[in-house]
Amino acid sequence: MFVLKFLIRRLFQGAIIVFLVSALIFTLLRVVPGDPVRLMAGGMAPEALIEQIAEEMGLRDPIPVQFARYMGGVVQGDLGQSFVRPANGASVGGASFDDSTRGERAKVLGLIAETAPMTIQLALLAMVFALVIAIPIGVAGGLAPGRWPDRMALYLSSIFVSLPNFWLGIVLALLLSVKLQLLPAIGYQNFSYTILPAFVLAIEMAPFIIRTLTVSVAGVMAQSFIDIARVRGLSRNRIVFHHGMKNAAVPLLNLLGVQFSMLLGGVLVVEFIFDYPGLGLLTINAVMQRDFPLIQGIAIVTAAAFVLINIVVDLAATTIDPRLDY
Amino acid sequence: MTAIDIAIPPAPGAGEARTVASRIWRMAFSSIEFRIGLVVFVLLFLAAALYPELSGIDPTKMNIRGKLMPPLFMGEGWSWAHPLGTDQLGRDMLSRTLVGLRYSLLIGVTTTVLMLAVGALIGMLSGYYGKRVDMVLMRLTDAQLAIPMIILAITILGVSRPTIPAIILVLGLAGWPVYARVMRSTVMSERKKEYVRGAMVLGATDMRIMFTLLLPLVLPPMAFVAVLDIARMMIFESVLGFIGLGVQPPTPTFGNIIADGRKYIMNAWWIATMPGVFLFLTLTSINLMGASLERARNAVYGGA
Amino acid sequence: METLKDAPLLQVEGLCVVARGPAGDKPILTDVGFTLQPREILAVIGESGSGKTVLARTLASWLSAPLTVTAGTVRFRGTDLLQDIAAAKRLAGREIAYVGGNPAGALDPTMTVGAQLVEKLRAVRPDFTATTAKAKAIQLLEAVRIPAAAQRFNEYPFQYSGGMMQRAMIVDALISDPALLIADNITQPLDVTVAAQILKLMRELNERFQTAVLFICSSLPVACEASDRVMVLNGGRVVELQEPTQLVQAPRTDYTRKLIAELPRLWDHATHTPVEAREVARPIMSVRGVSKAYEVSRRGQLGKSLVQAVRNVEFDVYQGDNFGVVGESGCGKSSLMRLLTGLERPDTGNILFEGETVSHASAAKLREMRRRFQLVLQDPYGSLPPQSPIGAILEEPLKIHRIGTPAERRDRARAVMSEVGLPDGLYNSLTTGLSAGQRQRLNVARAMILEPRLLIMDETLSALDQTEQGKMLDLFERLQALHGFTYIFISHDLAMVRRVCSRICVMYLGEAVEVAPNERLFFDPGHPYSRALLSAAPTLEERRYRPEDCLLEGEPPSPIDLPPGCAFASRCPHAFDRCRRENPVLTTRGGRALSACFLNPEPTLYAAE
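Chains as they are written, first to last, in numbering that gives the first Met the number 0: chain A, 0 to 325; chain B, 0 to 303; chain C, 0 to 608.
Bound conformation, chain A alone (with noise of 0.2 Å):
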């Protein structure tokens, strides 16, 4: 009863979050400077056909009508078509004005379904990485407040978020693809490709983890009840992973909400440097190539997705602490 009230809640929430962010990006595309239409037909194109074609994709109508007929096909499922690729999967579009293959364009849905599944599979993997490296980490700093575990791990998060991970990423590619020949660095070809990518990125993600955990277990440990559960009889084994650890695990649970988004961020910065054919790649060049359509599509799959994650992360944090009451 209560977990329905509250997925009702967060969902018509969410739906409305979803709404603003498609209408904002969808609006500043339009309002910031920058025609997308002369991109596409090319910087010879004579100013006729470019008007011709821009009433022809509706480009010159007002925004609220622009905005109500997209959303009007987002509801049916369908996100757009791509402004400049073509739907014979040719990467990159834009020919001159005058190409004739210029009629068929993919379908944004279909870019998107494409490549969402790779950018899942790094960032997964990227997770798990993340976890193993600093739970060990963060837990012993937070069991020993103030002695040297808990020095290491300031150390050693600090270390890790200074480390730009564009920077990080080149060198190791450097390092351990070239020189040492170790791992597959750009591109895609098997799942080992996924391997460096994912460490870097575990690399970036893994300091506010480390940090979240110092901190939560530490003032978990502090309170009334870890103390007296001593008293009361229960060996230090059961107070610290059973007690100590479920309660210190609701923090990290809403820090986990939040890294999904830095982690989209990172995302786009490594699939960048790896030449990792995910959604992030996808991203950069929608918006080198102003592709509106693809850019609102993925901003809108974006934000949903993190509308759905926090929706679990919640959920599972009500699930551990029944005084929360999201």
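Quick caveat, the hints were computed from the structure, so don't treat them as lab data.
Glycine is no exception: its CB is placed at the ideal position from the N, C-alpha and C atoms.
Be aware that a few hints might be false.
Said to hold, decoys possible - Which residues of chain B face chain C? A partial, calculated answer using Cβ under 7 Å:
1) T18
2) Y194
3) L201
4) A203
Given chain A, put chains B and C in place with the hints provided.
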């Protein structure tokens, strides 16, 4: 107030500090991590501020004959005049790196200050007034948090021209929600405390309570933690520069130097890696300081 | 008692505990020695700082740095717990159980209470299976009179009220059948009637389960009532160890004598209590039919529920009165206080100050009126702005209302400081070094500086100990004589109210159930709840009302689902049919005493006093 609390004498000097802020500062300053960070940071700051002018080497001066010189001791043809080597156009890497550091610091600090100011204001209003004001502002915050900063940034900067003010604005505006949230929750809990109720009963206006009573208490600890964001914004700025959406060439910034250097990675690896080392050192020093401040803040508030 | 035949359960000799600090060792307990027989209840009392908590923790093997034992032995059934650490560990939670005074934070908030009880039992007595442990837990929950025990077993700590949680912790302690229970200040945070129930429970459990109890508390009357012997600690030393009646009649030290003498006397007709003010034309503050409800959303339910915090309260306060509002937690006095001071507006009714409305005044008018009536707050630590110097705190009200030049403000601040007894040298200091008593004086000074006519004291003395309270009450008297203040005291402490108030209002579940002059309320209460409250008040004197006749069982009904009729009917020993149908209103009983109970005779037309 248990017997235990009375039994333990207070730490020396703990009661003397006049404000919460100075207590936090003192605690952070006394830790090794902070001092290491401070020393390294000051050195780099001075280098960035003084070296390019003092050394007399012009970062934009091209010298094709002297191109692609390696750094000190690391290959043939190195020279003391160019400790970090030269790039593909013969420009001195050290000066370029340090000029890039100037821009990074500039953008990092101004962005953080902007984020802090906007976030604190919105969070204060939201936390103090609650109910409708809170709901509206928080939905706004949520919506903004739902868009990853980088997507917002590249959308805006990618379709228009990236100038320094635009970059600062975009980064700053994209980062305020976190501060608003923290300010809001702090204000909400302080507001319930008795001394605020006391001020209300005495007849103080809302403005007075918010800005004279609460702000000086709540802002400084937040500002300390904001130091960490300076580093974060610096990274952000360099990422934007790397994908071409930051400050444009010929102005040297970390992003575009490293992006350029990528092409020469095989035979002149230092162009892409050396600037990164400097950035890494600067960021580490800032992060060490910031982490110490954050620790100190948690310690002071934990006891309060 | 056949205790002479049994060997002592606990023998403490020459126990010394110090706190190791950078400036050397500070002694906490010095040469403490006593014995405890099986099934005996020994009370330990002392002021804060006397070392009683440290003693409790030492016996529970729960000392941590910087506290260390430097000498002495603690023998439990012959084994010295201080030497044999392994044995002490084995006994913890098993044979020696500890219950503290802070039930709220004692259990893991993310696990059900029942699961944690079972966990504890199985940790110390592995021979129990999950099923047998659960059965035992539920049985004990019923023994401590937690309603619907089987259901409560599956609930979380935050769903328990303070009193219930305390009982659950007692179950947690007793579930392993310990020989010794160390009860550390378990009744202090609780309301008087709930505390009385817990004490009664403790006696019953002592009988039934044969557990010896070491009962730590800070109130002599409570200690005397609840125990077989009383031990008094002063400055870490044992100064008395006697049976209660002997202790009261023939104390051995001056300290104890003083302690007994300072206790306020509730039932002494000779106690000087303020006389009521004569009625003048109009009351200084008038509360008319005031109600306030708050919205809360409940887990597992759609929509919001209404909590009726204040229901149709009505009374008048006249100038020169000391008006008291008493009640236990949940009675609505805090909400009422917020309404009286204008911090919140009531849903219905009106509050008038000197004839002008407070509840419907504009913000500007309210600010102006605030110069004439003020509030003194409860928490000495939280109620002062943390970073302002004392002089600035005092001048702030003057600044807010733009009174006087800076020089004049300084002078007034200094004058007011000397009136409340704060040394002038503190003017520029921060509040960090001040004691609780000094802070409250500062609060009073801050309220006084605007020269109000009415001062509302919200539990102002609750955080202070006995002697400080006495000094503050003297101060209030002095100030009243000098400035002609009228006071409204909001409190849960009947002893204080008896000493200080001329006229008292008793609240229960948001309603005013009785309003009467001091003597009348104490010696002829007109409402069963007032009588129950009076019977539960701890005192060394002979009780006027027997707790057995009036003591309440169970918990008050939830303020969300209030049953129709009198709110007290579910717990009233004299409730009858009409009580459950109609809600009685305040009616006069003669002599300016009002009470809301159908047991009182209907007022005749002549009783128009």
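Going down the list of hints, with the structure as the test:
At a threshold of 7 Å, the smallest CB-CB gap from T18/B to chain C is about 5 Å, leaving the interface hint in force. Interface restraint check for Y194/B: the shortest CB-CB distance to chain C comes to about 5 Å, inside 7 Å, so the restraint holds. Because the beta carbon of L201/B sits about 5 Å from the nearest beta carbon in chain C, less than 7 Å, this interface hint is met. Because the beta carbon of A203/B sits about 5 Å from the nearest beta carbon in chain C, less than 7 Å, this interface hint is met.
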